[in-house]
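Hey, can you work out the whole structure from these sequences and the hints?
In the order they appear, the protein sequences are chains U, B, L, X, C and D. In terms of our numbering, the first sequence has 217 at position 217, counting the first letter as 1, and numbering is strictly consecutive. In terms of our numbering, the second sequence has 132 at position 132, counting the first letter as 1, and numbering is strictly consecutive. In terms of our numbering, the third sequence has 82 at position 82, counting the first letter as 1, and numbering is strictly consecutive. In terms of our numbering, the fourth sequence has 145 at position 145, counting the first letter as 1, and numbering is strictly consecutive. In terms of our numbering, the fifth sequence has 197 at position 197, counting the first letter as 1, and numbering is strictly consecutive. In terms of our numbering, the sixth sequence has 183 at position 183, counting the first letter as 1, and numbering is strictly consecutive.
Please note: incorrect hints may appear among the correct ones.
[Said to hold, decoys possible] Straight-line C-alpha distance at most 25 Å; calculated DSS-like pairs for lysine-lysine: (1) Lys265(D) to Lys182(D); (2) Lys167(X) to Lys265(X); (3) Lys31(L) to Lys14(C); (4) Lys170(C) to Lys133(C); (5) Lys208(B) to Lys253(C); (6) Lys182(D) to Lys170(D); (7) Lys208(U) to Lys247(X); (8) Lys167(X) to Lys182(X); (9) Lys175(U) to Lys125(X); (10) Lys84(B) to Lys133(X); (11) Lys59(L) to Lys59(U); (12) Lys84(B) to Lys175(B); (13) Lys231(U) to Lys31(U); (14) Lys59(B) to Lys59(L); (15) Lys133(X) to Lys175(U); (16) Lys207(U) to Lys226(U); (17) Lys84(L) to Lys182(C); (18) Lys43(B) to Lys133(X); (19) Lys14(D) to Lys170(D); (20) Lys231(B) to Lys219(B); (21) Lys150(B) to Lys14(C); (22) Lys43(B) to Lys59(U); (23) Lys125(D) to Lys133(X); (24) Lys133(X) to Lys133(C); (25) Lys247(X) to Lys84(B); (26) Lys167(X) to Lys207(U).
[Stated by the list, open to error] Reference listing, derived: stretches of chain L covered by chain D, where coverage requires no fewer than 3 residues with Cβ under 8 Å from a Cβ of chain D: (27) 92-98; (28) 183-193; (29) 202-213.
Honestly, the hints are just simulated from the structure, not real lab data. Glycine residues also receive a C-beta, built at the ideal position from the N, C-alpha and C atoms.
Each chain, written out:
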Amino acid sequence: MIKLIDENGLRLDGRRFDELRPVKIEVGVIKNANGSAYIEHGKNKIVAAVYGPREVHPKHLLIPDRAIVRCRYHMSPFSTEERKPPQPTRREIEISLVLRRAMECVLFLEEYPRSIIDVYVEVLQSDGGSRCASITAISAALADSGISMKDLIVGCASGKADGQIILDLSDIEDKEGEGDMPVAYMPNLDKITLLQFDGIFSEEEFKKALDLAIMGNKKIYEVLRKALMEKYFKTEEK
Amino acid sequence: MIKLIDENGLRLDGRRFDELRPVKIEVGVIKNANGSAYIEHGKNKIVAAVYGPREVHPKHLLIPDRAIVRCRYHMSPFSTEERKPPQPTRREIEISLVLRRAMECVLFLEEYPRSIIDVYVEVLQSDGGSRCASITAISAALADSGISMKDLIVGCASGKADGQIILDLSDIEDKEGEGDMPVAYMPNLDKITLLQFDGIFSEEEFKKALDLAIMGNKKIYEVLRKALMEKYFKTEEK
Amino acid sequence: MIKLIDENGLRLDGRRFDELRPVKIEVGVIKNANGSAYIEHGKNKIVAAVYGPREVHPKHLLIPDRAIVRCRYHMSPFSTEERKPPQPTRREIEISLVLRRAMECVLFLEEYPRSIIDVYVEVLQSDGGSRCASITAISAALADSGISMKDLIVGCASGKADGQIILDLSDIEDKEGEGDMPVAYMPNLDKITLLQFDGIFSEEEFKKALDLAIMGNKKIYEVLRKALMEKYFKTEEK
Amino acid sequence: MSFKRSSIIENLRKTQMLDLLSKQKRLDGRALNEYRPITIRLNPIQKANGSAEVSIGDTKVIAGVKVETGEPFPDTPQQGLLIVNAEFLPLSSAMIEPGPPDEDSIEVSRVVDRGIRESQMLNLKELVIEPGKLVYCVFVDIDILNIDGNLFDAAFIAAVLSIATAKYDKKIVNEGKEEITKTPLPLRLIPVSVTSITIGDNILLDPTEEEDSVHDSRMTITFDEEGHLCAGQKGGSVGLSVEQLFKIVDLSKPKAEEIRALIKKVISNAYP
Amino acid sequence: MSFKRSSIIENLRKTQMLDLLSKQKRLDGRALNEYRPITIRLNPIQKANGSAEVSIGDTKVIAGVKVETGEPFPDTPQQGLLIVNAEFLPLSSAMIEPGPPDEDSIEVSRVVDRGIRESQMLNLKELVIEPGKLVYCVFVDIDILNIDGNLFDAAFIAAVLSIATAKYDKKIVNEGKEEITKTPLPLRLIPVSVTSITIGDNILLDPTEEEDSVHDSRMTITFDEEGHLCAGQKGGSVGLSVEQLFKIVDLSKPKAEEIRALIKKVISNAYP
Amino acid sequence: MSFKRSSIIENLRKTQMLDLLSKQKRLDGRALNEYRPITIRLNPIQKANGSAEVSIGDTKVIAGVKVETGEPFPDTPQQGLLIVNAEFLPLSSAMIEPGPPDEDSIEVSRVVDRGIRESQMLNLKELVIEPGKLVYCVFVDIDILNIDGNLFDAAFIAAVLSIATAKYDKKIVNEGKEEITKTPLPLRLIPVSVTSITIGDNILLDPTEEEDSVHDSRMTITFDEEGHLCAGQKGGSVGLSVEQLFKIVDLSKPKAEEIRALIKKVISNAYP
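Right under this line is the structure:
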């Protein structure tokens with residue numbers, strides 16, 4: 001058993017229970033994409049890119065009055081401690097699904113009938129909370145692409161370690177801790193768009209963890225907003 | 001070498017050479033299907049369901065003046081002594097093929113141009129003669145679906161053990177015996193719709209085995225007829 | 001280290017540095033194909049067959065003003081020292097690609113709009129230089145099919161062994177030698193349509209090897225021409 | 001299912017549903033927090049180490065457990081293996097095509113897996129034969145036989161029952177002799193998952209396929225015997241407020257107790 | 001092949017064929033029980049342990065045997081392995097697409113496999129190096145080169161010939177020293193398969209592709225050297241009466257003897 | 001990319017391009033033998049043993065090296081393994097679909113692999129732990145992040161840099177005790193690949209995607225440090241004359257020297 005929180009309430013990387021890891025977002029990193037973003041969240045290094053809305057192939061998949069969304073979350077072979085073979089695992093397929101649903105919460109799909117929006121996420125380096133960092137990156141990439149959105153989405157996990165509810169779990173806290181709760185959140189609409197959890201949470205702990213995750217999400221939202229503003233101003237200067 | 005028939009002419013499970021295992025058929029077990037049936041034949045427990053006739057996708061597969069039939073025979077991972085991985089084996093693909101052909105013998109495919117009939121068979125528990133039990137179940141499911149048929153089909157194997165021709169082989173008789181001959185049969189048209197065999201049969205043994213299998217099939221036909229009648233009367237009562 | 005060239009300048013199979021292995025070509029060996037050929041080049045035994053120009057399925061792949069070419073180079077499981085599993089390897093996929101490109105150099109694709117030309121190559125027995133022998137066979141099969149061609153193509157490798165530039169490497173010279181350079185060539189247009197090499201070549205050696213390969217190709221062209229003439233005269237006699 | 005639907009039809013159906021819901025009614029007459037009848041058939045598959053067929057209304061699934069031996073994962077040399085695999089059989093619905101598992105069946109597999117694993121239902125440490133070399137592998141295979149909504153709970157109950165009643169061939173070395181005894185799996189507790197959907201402000205437990213097809217959100221929560229939340233999965237393409245979520249937890253918890261009582265009764269009836 | 005055909009065209013072709021058959025004639029002038037010429041090229045592939053190219057009319061196949069070492073199956077620790085694999089090469093017909101083996105090629109593989117295995121052509125027990133650990137694996141790979149009906153028999157003859165003439169590197173420990181000797185596979189007999197189709201009341205042996213495309217039933221029967229029936233496979237989507245079936249057996253048996261005589265002559269010519 | 005294009009559009013674009021080229025100009029103003037700027041970011045992935053992000057103009061790739069242990073190939077028991085794998089990520093271009101590697105990514109993988117292997121950049125013989133049993137495997141994975149032509153050179157530089165700067169955990173037994181030391185891979189030299197295309201009589205180094213889409217031929221040549229040619233790959237569906245080929249070699253060789261100087265400077269700046 002590894003001790004994850006010391007006598008001073010500090011975590012292995014020196015953070016307090018409610019402290020985020022550093023988050024850095026860069027918008028417009030993939031030239032060919034209609035929108036793209038790069039995020040560093042802790043040791044996570046993730047690229048997201050949006051292609052579309054574009055024509056649907058094969059035709060029989062199209063929906064006459066709204067857009068289809070596809071999402072692929074993929075981890076590079078060198079992104080993990082042990083090399084990860086390139087073919088998608090069940091975990092990657094499930095995360096692709098929950099990310100797609102989270103996205104669908106913010107998109108005005110009816111504005112793009114008969115079309116498809118492809119979102120690709122590549123994890124270049126993974127750390128705890130990669131699906132949360134991915135949704136933030138996706139949201140930035142969608143904003144960059146100019147697709148109509150109801151709100152932005154950000155993602156941040158909370159969890160439980162050494163009996164305490166903590167924010168934004170690192171890899172080791174995820175593996176050795178007692179619970180993990182990835183949350184994605186629309187800050188202006190105040191709605192949860194992705195929620196998973198596992199571990200052992202009392203009802204009280206569950207509520208505390210959810211509140212903490214939302215608090216973290218609000219902070220990440222500020223980082224995202226800043227990144228988008230910066231990109232926006234830069235564009236203005238041209 | 002295991003002795004499969006004792007000095008009194010009785011088999012390991014107490015049956016005589018021309019005795020069937022217990023057969024039980026239930027019709028209409030899968031609510032969503034257009035027709036379905038469940039069979040217990042010895043330790044075989046098999047579900048068959050029919051979807052269709054329905055539209056063909058992709059379009060280029062359709063045949064302008066008759067229906068296509070598709071069949072998938074599949075064994076559940078827990079159906080066998082050792083767990084069977086879920087992906088279809090070559091054996092399952094071959095059995096799917098011979099079952100489809102057997103079915104095509106009784107269907108009026110010209111009555112359903114440009115359409116497809118999908119038949120799915122799931123072996124929940126396997127025993128000797130699962131392909132024979134499957135064709136009986138398919139036949140019941142087709143009848144349940146109301147698709148036009150020239151006759152019913154039933155299935156029953158014969159084979160050879162300890163030098164004797166026997167009816168309706170169990171798992172161990174199939175594995176340890178000297179020959180297996182699965183037969184499917186249309187009782188009113190008196191025609192064989194599926195025939196495979198392996199082992200070593202003299203010409204005389206071959207003929208005896210075929211006659212015995214047909215005799216067995218006629219008995220199974222009675223069980224099938226009863227099951228359908230029962231379902232039919234029940235429907236009347238409504 | 002194996003000595004590949006002896007004190008008299010002779011190679012393991014007795015050839016001089018600029019000597020070809022025996023080459024034998026037979027045209028029209030696959031009855032069902034639109035064109036076909038069989039080549040023995042050293043121990044290589046290869047069949048090539050052409051189907052098409054024919055309709056494209058699925059439709060969205062067709063190109064309105066020219067033909068698509070597809071090529072599949074495949075090695076039979078028994079073609080190699082150790083049994084080769086039947087599913088295509090990365091090597092086979094790459095060779096299929098370079099063979100397709102070589103072919104595209106000689107075809108008047110604009111003459112066959114909206115259609116597809118399928119070329120299948122099966123290596124029944126492999127030896128050094130199988131991709132070169134394949135392109136010769138393909139060229140013969142294309143000629144046999146009557147598809148419009150700008151020229152014929154032939155293939156022959158050169159390489160380096162014991163420090164010398166040699167022509168038409170055998171299996172062991174390929175494996176134990178210091179360099180391999182497969183070349184495909186259009187003899188009348190005097191152009192190279194396939195070129196790969198690996199090993200260590202000085203600039204001078206590279207040029208010498210290329211010249212030698214072209215010299216070899218010209219000899220193979222004579223064999224190919226003779227095989228086609230023979231087939232042509234035979235056809236006349238009918 | 002992630003069937004591609006026109007939003008026109010979807011919206012029409014939803015409007016009708018909302019009309020009814022405004023009167024706190026459901027199409028089949030149930031109360032919003034009411035489950036359909038749960039029917040259980042224990043041990044239908046004798047060749048499996050444990051098995052159960054579970055129906056919730058017209059949803060029907062069958063789960064079978066096979067216990068085999070194999071190598072442990074390198075990072076958990078001191079634990080047996082639990083492998084959960086759900087298959088949407090093509091005979092279960094007109095919408096299912098044969099083929100390798102798609103995202104929906106992978107989701108069911110993984111949600112059931114997490115619920116069992118995180119609740120610590122099984123003591124995997126007792127399933128070690130030789131640490132780092134040989135352990136017991138518990139394969140839980142779930143066949144979806146007929147789809148009418150709430151596959152998560154049906155699959156979960158079937159998986160839990162087939163594990164809870166499974167007996168495997170345990171090799172024990174007794175005075176130098178190897179003996180094989182039929183042994184139950186090392187259980188700690190019975191976890192239960194409860195699935196609900198939201199349509200507008202309404203929370204509906206145990207949705208039918210028709211209800212599920214117009215859900216805003218779906219939420220599956222697994223509870224252990226002390227009422228702890230062990231695993232959760234949000235579905236659906238509409239956001240959920242924190243209040244709604246807490247309300248779902250409050251509704252789900254007592255339902256989990258009811259279902260657990262049913263499961264335990266079935267087990268104790270069968271193995272008194 | 002299971003080509004999807006319009007029944008109109010199929011029926012037209014069948015009517016013509018039946019007209020001819022009513023005069024006991026076939027399109028190519030053969031008698032109903034007559035085979036096309038069988039051409040055999042032994043050992044075309046020197047890198048294989050054994051190989052044979054076989055043509056029946058315009059149907060052409062090539063089989064190659066590779067003998068390697070590997071682990072036995074857990075349930076037959078005392079036997080070597082026989083693995084038969086047929087590929088419909090895309091160059092063999094305009095109807096064949098490249099890709100993993102489909103149901104038709106799997107059927108050919110399995111029918112050939114059963115014919116060889118059930119006739120006990122090979123004594124697999126002599127192919128054991130170390131029981132339960134190391135055995136010889138006999139891979140029989142069959143390439144279909146050109147399709148004109150009756151692939152079953154062409155594939156079977158090619159497989160049988162390549163096995164019967166194969167020599168493998170047998171490791172023998174002789175006075176403590178390991179020696180490798182080129183050794184023939186442990187043969188017991190030469191099985192032969194005979195394929196026929198029915199069109200109406202007629203039974204045609206060795207059907208061409210054109211005939212095969214309108215068959216009612218197809219029947220492949222494998223005979224051992226004593227005239228026993230070792231394996232059988234019915235094809236086709238029309239039922240067969242018991243009388244027809246017995247007639248097929250009566251027609252096939254002498255034909256099997258003829259083909260066996262041919263095979264044996266080829267072998268003894270090559271290895272006198 | 002092997003995008004299927006109409007030859008009308010292709011020919012139009014080519015005509016425009018040829019017009020410009022007749023004045024020895026390119027669309028982006030470069031000289032025909034001029035490379036776009038090469039930007040390098042060393043070691044962006046800390047979890048990899050070595051990594052590098054390389055941009056050539058708007059083409060961007062990232063390569064990561066992982067060193068693990070495994071079994072050697074049976075025919076090279078005395079050598080470690082080098083495994084190169086390039087993925088065209090679907091985020092890199094509107095034309096790339098997710099899925100298993102297609103012929104284009106396999107070609108990049110194999111051309112990079114041959115360039116590294118044949119130049120003998122790595123001394124694979126020093127990567128043996130126990131001959132025939134256990135060796136180090138050097139996995140080089142290359143992600144294509146944005147496509148704008150000349151993927152071969154970008155992938156090659158990224159692969160070379162990530163290998164050249166990688167450190168792996170080498171197990172050394174020192175006085176009976178096992179020690180693990182971070183060790184650089186056993187390098188011999190820095191190979192460089194140079195890619196050019198021909199359009200008509202013109203030879204263009206480092207093509208953009210737009211230029212690449214109308215190439216006649218493409219040629220990638222790898223040079224070792226002594227100017228030897230170690231690997232070559234022709235692309236394109238138009239033949240190349242011997243003279244053109246020699247001209248390409250003459251143009252590529254000095255460019256390889258320039259790029260090698262850049263690579264070496266980057267390495268020595270990072271690891272002085």
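Each hint tested on the structure:
no.	hint	result
1	Lys265(D) to Lys182(D)	holds (23 Å)
2	Lys167(X) to Lys265(X)	holds (19 Å)
3	Lys31(L) to Lys14(C)	holds (24 Å)
4	Lys170(C) to Lys133(C)	holds (16 Å)
5	Lys208(B) to Lys253(C)	holds (18 Å)
6	Lys182(D) to Lys170(D)	holds (6 Å)
7	Lys208(U) to Lys247(X)	holds (15 Å)
8	Lys167(X) to Lys182(X)	holds (6 Å)
9	Lys175(U) to Lys125(X)	holds (17 Å)
10	Lys84(B) to Lys133(X)	holds (23 Å)
11	Lys59(L) to Lys59(U)	holds (12 Å)
12	Lys84(B) to Lys175(B)	holds (17 Å)
13	Lys231(U) to Lys31(U)	holds (14 Å)
14	Lys59(B) to Lys59(L)	holds (12 Å)
15	Lys133(X) to Lys175(U)	holds (23 Å)
16	Lys207(U) to Lys226(U)	violated (29 Å)
17	Lys84(L) to Lys182(C)	holds (22 Å)
18	Lys43(B) to Lys133(X)	violated (35 Å)
19	Lys14(D) to Lys170(D)	violated (53 Å)
20	Lys231(B) to Lys219(B)	holds (19 Å)
21	Lys150(B) to Lys14(C)	holds (21 Å)
22	Lys43(B) to Lys59(U)	violated (46 Å)
23	Lys125(D) to Lys133(X)	violated (31 Å)
24	Lys133(X) to Lys133(C)	holds (19 Å)
25	Lys247(X) to Lys84(B)	violated (43 Å)
26	Lys167(X) to Lys207(U)	violated (39 Å)
27	92-98	holds (count 5)
28	183-193	holds (count 6)
29	202-213	holds (count 6)
The structure shown violates the earlier hints numbered 16, 18, 19, 22, 23, 25 and 26.
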